[in-house]
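Undergrad: Hey, can you work out the whole structure from these sequences and the hints?
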Amino acid sequence: DMEWAKDGLDGQLYLIQARPETVVSQNQKAVLRKYRLAATPGQRLCQGRAVGTAIASGRVRLISDHSDLDHFQSGEVLVSNTTAPDWEPVMKTAAAIITNSGGRTCHAAIIARELGITAVVGCGDATAVLKNGDSVTVSCAEGDTGRVYAGEIPFEFEDTQLDVLARPKTKIMVNLGNPALAFQTSMLPNDGVGLARMEFIIAEHIKAHPMALLYPERVSDETARTRLVELTRAYASPADYFVERLAEGVGTIAAAFYPKPVVVRMSDFKSNEYAALIGGADFETAEDNPMIGFRGASRYTHPAYAEGFDLECQAMCRVREEMGFTNVVLMIPFCRRGGGGEKKKK
46 DMEWAKDGLD
56 GQLYLIQARP
66 ETVVSQNQKA
76 VLRKYRLAAT
86 PGQRLCQGRA
96 VGTAIASGRV
106 RLISDHSDLD
116 HFQSGEVLVS
126 NTTAPDWEPV
136 MKTAAAIITN
146 SGGRTCHAAI
156 IARELGITAV
166 VGCGDATAVL
176 KNGDSVTVSC
186 AEGDTGRVYA
196 GEIPFEFEDT
206 QLDVLARPKT
216 KIMVNLGNPA
226 LAFQTSMLPN
236 DGVGLARMEF
246 IIAEHIKAHP
256 MALLYPERVS
266 DETARTRLVE
276 LTRAYASPAD
286 YFVERLAEGV
296 GTIAAAFYPK
306 PVVVRMSDFK
316 SNEYAALIGG
326 ADFETAEDNP
336 MIGFRGASRY
346 THPAYAEGFD
356 LECQAMCRVR
366 EEMGFTNVVL
376 MIPFCRRGGG
386 GEKKKK
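Using our numbering, you'd call the opening residue of the sequence shown number 46 and step up by one each time.
Since the hints were made in silico from the structure, they are not lab data.
Treat the hints with caution; some may be incorrect.
Below are the PhoX-like pairs computed for lysine-lysine, each with C-alpha atoms no more than 20 Å apart in a straight line [what the hints assert, rightly or not]:
(1) K315 - K216
(2) K315 - K214
(3) K315 - K252
Just the calculated beta-carbon pair ranges, DEER-fashion [claimed, not checked]:
(4) G148 - V76: 41 to 49 Å
(5) V209 - A349: 50 to 58 Å
(6) L210 - E293: 28 to 36 Å
(7) G239 - A211: 14 to 22 Å
(8) G188 - E48: 41 to 49 Å
(9) G161 - I217: 27 to 35 Å
(10) S146 - E201: 42 to 50 Å
Think of the CB as a built atom: it goes at the ideal place given N, C-alpha and C, for glycine as much as any other residue.
TA: As structure tokens, then:
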């Protein structure tokens, strides 16, 4: 577990802390535990980003500041706007943690992962909709989104002993598009990633149409232009934002499975899906049948998208040449003619 900091004066990265990793190393790698709700959930009170894959239940305890920690009882569900390092002794005793703010790398998420506690972060309104003493169930077993349900819902889990499963002669590769699940999924018996869809990373981590990032002045919607500025303000340019975010996402998947092959499919959105990205409406035209329309290989060299495809290629070059993940193999989708793939290679 290593931490880095960027010096504000010289712009260099410095290693400031190194300590034994305490999350993955504590897991039983030979055992796959899968949680599921044993009854149909009732009212969903709030939702946010799931931390972990477990389920927990208990009574709500709202914590607004450090003084409220004296009232916290072991086994309660800690609910707050955010958490702080001096809360950790109490956090260790919580059945679950729910916060209004934060993402997968916030303090609450990091501590929850280290301690194996179910947590949902970034709910936005948790402290407003949850009340002290409410009985709730916190579920992180339903994908990326963590949900908080009213009442204590029964749940169960199933353990699969992976080291006793017979491996077939046929290679088995996983389908994966979400970088957040990469390291967890890599613990399963596998021979690499057979399909990593670029679309998930673009839609969830980049959110914007690549041509809108290259030509923001052509975006007619003022709200969309504002969102583009907000997304890219920390980067040298909007184009750098796209390249860096895409490289980070693919690089995370490649790192988790290295040196096994990771087949990454270049973007294969349909035109209506591209239009749904921020700023995308100004760069796409309506089609009667987007499924067989302007998508895949035919889009990459077309003047309407060639520069966007160049950004995708820059990101993949960064993953392979700068990050060193030569296990990444690129796939060109939806080639209409036999020479389509060869043309894209050039």
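Undergrad: Which of the numbered hints are not met once you compare them with the structure shown?
TA: Checked against the structure, the hints that fail are numbers 1, 2, 4, 8 and 10, while the rest are satisfied.
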